[in-house]
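Given chain X, put chain G in place with the hints provided.
In order, the protein sequences belong to chains X and G. When the letters of the first sequence are read in order and numbered with my numbering, they come out as residues 6 to 118. When the letters of the second sequence are read in order and numbered with my numbering, they come out as residues 130 to 244.
Hints listed in this document are in silico derivations from the structure and should not be mistaken for laboratory results. Using N, Cα and C, we set each Cβ at its ideal position, and we do this for glycine too. Worth double-checking, as some hints may not be accurate.
[As the list claims (entries may be wrong)] No more than 30 Å apart at the CA atoms, straight line, and that leaves these computed lysine-lysine pairs for BS3-like:
{"no.": "1", "chain 1": "X", "residue 1": "Lys46", "chain 2": "G", "residue 2": "Lys197"}
{"no.": "2", "chain 1": "G", "residue 1": "Lys171", "chain 2": "X", "residue 2": "Lys27"}
{"no.": "3", "chain 1": "G", "residue 1": "Lys187", "chain 2": "X", "residue 2": "Lys45"}
{"no.": "4", "chain 1": "X", "residue 1": "Lys46", "chain 2": "G", "residue 2": "Lys186"}
{"no.": "5", "chain 1": "X", "residue 1": "Lys46", "chain 2": "G", "residue 2": "Lys144"}
{"no.": "6", "chain 1": "X", "residue 1": "Lys45", "chain 2": "G", "residue 2": "Lys186"}
{"no.": "7", "chain 1": "G", "residue 1": "Lys171", "chain 2": "X", "residue 2": "Lys58"}
{"no.": "8", "chain 1": "G", "residue 1": "Lys134", "chain 2": "X", "residue 2": "Lys45"}
{"no.": "9", "chain 1": "X", "residue 1": "Lys46", "chain 2": "G", "residue 2": "Lys171"}
[Stated by the list, open to error] Cβ pair distances, simulated, as ranges:
{"no.": "10", "chain 1": "G", "residue 1": "Asn196", "chain 2": "X", "residue 2": "Ser25", "range": "42 to 50 Å"}
{"no.": "11", "chain 1": "X", "residue 1": "Gly19", "chain 2": "G", "residue 2": "Gly170", "range": "17 to 25 Å"}
{"no.": "12", "chain 1": "G", "residue 1": "Gln138", "chain 2": "X", "residue 2": "Thr116", "range": "22 to 30 Å"}
[What the hints assert, rightly or not] Chain X is nowhere near these chain G residues, computed Cβ spacing over 10 Å in every case:
{"no.": "13", "residue": "Gln143"}
{"no.": "14", "residue": "Glu155"}
{"no.": "15", "residue": "Asn156"}
{"no.": "16", "residue": "Thr157"}
{"no.": "17", "residue": "Lys186"}
{"no.": "18", "residue": "Ser198"}
{"no.": "19", "residue": "Ser203"}
Each chain is listed here by its residues.
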Amino acid sequence: DTEVTQTPKHLVMGMTNKKSLKCEQHMGHRAMYWYKQKAKKPPELMFVYSYEKLSINESVPSRFSPECPNSSLLNLHLHALQPEDSALYLCASSLKYSGSEQFFGPGTRLTVL
Amino acid sequence: QQQVKQSPQSLIVQKGGISIINCAYENTAFDYFPWYQQFPGKGPALLIAIRPDVSEKKEGRFTISFNKSAKQFSLHIMDSQPGDSATYFCAASIGGGSTLGRLYFGRGTQLTVWP
Chain X
6 DTEVTQTPKH LVMGMTNKKS LKCEQHMGHR AMYWYKQKAK KPPELMFVYS
56 YEKLSINESV PSRFSPECPN SSLLNLHLHA LQPEDSALYL CASSLKYSGS
106 EQFFGPGTRL TVL
Chain G
130 QQQVKQSPQS LIVQKGGISI INCAYENTAF DYFPWYQQFP GKGPALLIAI
180 RPDVSEKKEG RFTISFNKSA KQFSLHIMDS QPGDSATYFC AASIGGGSTL
230 GRLYFGRGTQ LTVWP
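Chain X on its own, in the form it takes in the complex:
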């Protein structure tokens, strides 16, 4: 298995909802990332997990809560989001957190009403 999968593909939620995004990889990668991408912009790093431990939090608001239950799985829990949080949320993984190639999933298109 040589890909990163993300579910759901699309998500529409209200500002009071709680939802979760899921990311999975079975390549034996030990670093996993969450990015946010707005239209016509490059991906912006949100969080990095290395060996299931949170290594980087790019000052992301607490309404975004990451979780790494095991080395293959990465979740992003969403609560009380704002309309400006609407974006493509991308998960990526790399063999290790040391400049290795990062492989991206297809993303979850999130719309906050």
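Coordinates of chain G only, in the frame set by chain X:
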């Protein structure tokens, strides 16, 4: 402060032509330079990457040229095809230290190849 500067912002090329996208950086600690291709509604796909110990890397129709002294690198797409129409991002990262592994992206180039 943008760590990697990319140009042009958009590029229109005729089918069969050569597409050239340029990137420049300042931080000499960067030691890994990937290019990503992204189609609308999809995640970025790693296209080709280079490390600073080589000046050129070719994979099929895609070539990276790297000029360490000028701190510039570029992507050349030979025999451009309509299926190459996408957004291309250059990036750079450092293999060690506190910023290890972090990808610094350019702003992207929207490539359109006319049939």
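| said: Need the list of violated hint numbers for this structure, in ascending order. | reply: Of the numbered hints, all hold.
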